[in-house]
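Student: Whole structure, please, built from the sequences with the hints as guidance.
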Amino acid sequence: MDWDIVIGLEVHVQLNTKTKAFCACKVSYGDPPNTHVCPVCLGYPGSLPVLNRAVVDSAIKLGLATHCRIREYNTFARKNYFYPDLPKGYQISQYKDPICYEGYVDIAVRGEQKRIGLTRIHIEEDAGKSMHGEDGTLVDLNRCGTPLLEIVSEPDIHAPEEAYTYLNTLKQIVRYTGISDCNMEEGSMRCDANISIKPKGRKALGTRTELKNMNSFRNVERALKYEAERQRKVLESGAAVTQQTLLWDEQSNQTKAMRSKEDSHDYRYFPEPDLSPLRIDDAWIGRIRSSLPELPDARKKRFTELYGLTEEDAALLSSEKEIADYFENSLQTFNNPRLTGNWVKNEILRILSESGKSAAESPVTPAALAGLLQFLHNNTITPQTAKTVLDEMAATGKAAADIIRDKGLEQISDSSELESLIETILKENPAECERYRGGETKLLAFFIGQVMRGTKGKADQTLTRKILEKKLG
Amino acid sequence: MALLREEVIYIAGLARLKLSEEEIERYTRQLSDILGYIEQLQELDIENVAPMSHVLDIVNVMREDKALPPLSREAVLANAVEHDGQHFKVLRVIKE
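Those protein sequence lines, which keep their order, are chains A and Y.
First residue of the first sequence: 55, per my numbering; consecutive thereafter.
First residue of the second sequence: 25, per my numbering; consecutive thereafter.
Hints were generated in silico from the structure; no laboratory data involved.
These numbers come from a predicted model, not from an experiment.
Wrong hints could be hidden among the right ones.
Some chain Y residues judged to face chain A by a derived CB distance under 10 angstroms, without partners named [to be verified]: (1) Ala39; (2) Leu43; (3) Glu47; (4) Ile70; (5) Asn72; (6) Pro75; (7) Val83; (8) Ser96; (9) Asp108; (10) His111; (11) Arg116.
For glycine and all other residues, C-beta sits at the position ideal for the given N, C-alpha and C.
Tutor: What follows is the structure, given as structure tokens:
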């Protein structure tokens with residue numbers, strides 16, 4: 055039998071505000087334990103939460119970037135549960151009235167565009183961190199109260215690969231808006247998944263399971279693949295899928311049942327009486343709208359239309375705002391989009407990954423790259439030399455012009471100089487000359503290679519080829 | 025509305041309360057009484073009344089995104105039943 059897969063994703067994004075959601079403690083990562091904690095974090099009697107305005111700004115920003123409606127009148131709710139990393143005994147969240155709702159994200163799956171609906175985006179706070187040891191559990195409350203946005207998709211995802219693409223697209227959008235760095239390894243982006251399967255074409259949904267503990271997009275995809283297959287086997291054996299929470303185990307590549315405590319998760323939500331309601335007017339939304347940058351989709355489209363880049367190159371160069379900015383900044387100095395696009399895509403990205411730097415802190419500035427490409431474009435240097443110069447620029451911070459001058463790297467396009475070198479090479483390789491003249495014309499590449507070696511890659515290729523063909527002909 | 029004894033035990037469990045037999049009985053009676061009073065309110069027509077989430081008629085009480093000094097770690101850990109000088113120490117929480 056054929057089966058339909060139905061997937062919904064819940065993504066938590068940690069906001070990069072300076073302070074926590076409901077108190078003035080600094081948001082920090084990796085600082086000594088319990089050094090960013092106050093009475094609000096501790097849930098002391100008499101302490102009162104006060105909402106951080108920047109958290110609301112961030113939520114509206116992401117809502118607008120994902121085509122959501124923004125709720126005018128918001129309240130907060132308490133989600134009650136006991137765990138030592140949350141001293142209040144409840145998490146401040148939003149329940150029935152999330153700040154953003156009814157949005158969507160467009161993703162590209164195998165060349166086709168697909169729209170994934172967003173049910174809601176709501177504001178909530180993170181809990182602290184617990185470390186489980188032999189003789190007890192240690193609790194660090196630095197993270198407690200850090201602002202999160204929870205982004206809940208509609209069950210519009212029908213394949214594990216789509217889930218992967220959706221997460222990547224969502225991450226791009228979030229990073230463009232600048233509200234979070236979305237690092238799954240560091241926990242600033244987390245993802246849980248709901249999955250069920252049903253006989254192909256049937257309307258009613260099957261029983262779903264919830265998957266947790268995936269620490270990368272690839273693991274989300276793997277866990278979903280595994281779980282869809284597991285459910286298919288269960289159903290085809292005539293048994294029923296049990297609704298439960300499963301943990302992805304990276305070591306064994308399996309989903310495993312969570313040994314649950316008593317909980318059927320009875321969170322007893324009720325309105326948070328310590329926070330005033332939040333009213334968002336059109337002026338506020340307008341202010342945020344005008345602060346939004348051009349988003350990845352629009353930028354990609356512009357790159358193909360304005361610069362004539364291929365879909366693939368445009369997607370790559372627009373994937374990160376910083377890279378797209380780098381590319382366009384370089385064009386300001388030297389406007390040759392195809393050439394610049396190629397060099398950013400191949401060489402600059404390589405240099406960045408080797409140096410572990412972001413495009414904004416690139417050792418070669420956009421203007422410096424443009425300077426180099428001008429020399430390449432007007433044939434002062436060969437492509438091979440340009441790569442050497444670029445590496446030197448990255449290492450020393452020198453300008454292309456200085457390196458080319460100091461090292462005498464200008465392309466040799468003086469035909470008399472090349473001719474005498476070629477004469478020598480032909481004399482040294484009589485056998486190859488014979489074979490070439492006998493019809494083995496692919497030996498031309500051999501001779502060009504010799505010339506390049508003799509000039510350290512500086513010989514003008516077109517001219518070299520011309521002279522060789524003349525002399526061998 | 026009468027509350028069942030099982031419901032009281034369940035609610036106590038969620039609140040991490042351990043009740044004696046006598047307490048279970050007493051709270052079942054008292055909570056049932058309270059729910060009875062609430063039930064009287066059901067008679068009111070509240071069709072056009074918005075639910076109240078805050079006692080004061082105010083909105084948008086917010087602060088700017090500026091950090092203030094936290095408590096010292098000594099102060100943070102001062103009331104902990106147990107700590108190691110850096111962390112709170114609690115009974116081992118079994119996860120998974």
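Student: In ascending order, which of the hints set out earlier in this document are inconsistent with the structure?
Tutor: 2, 3, 4, 5
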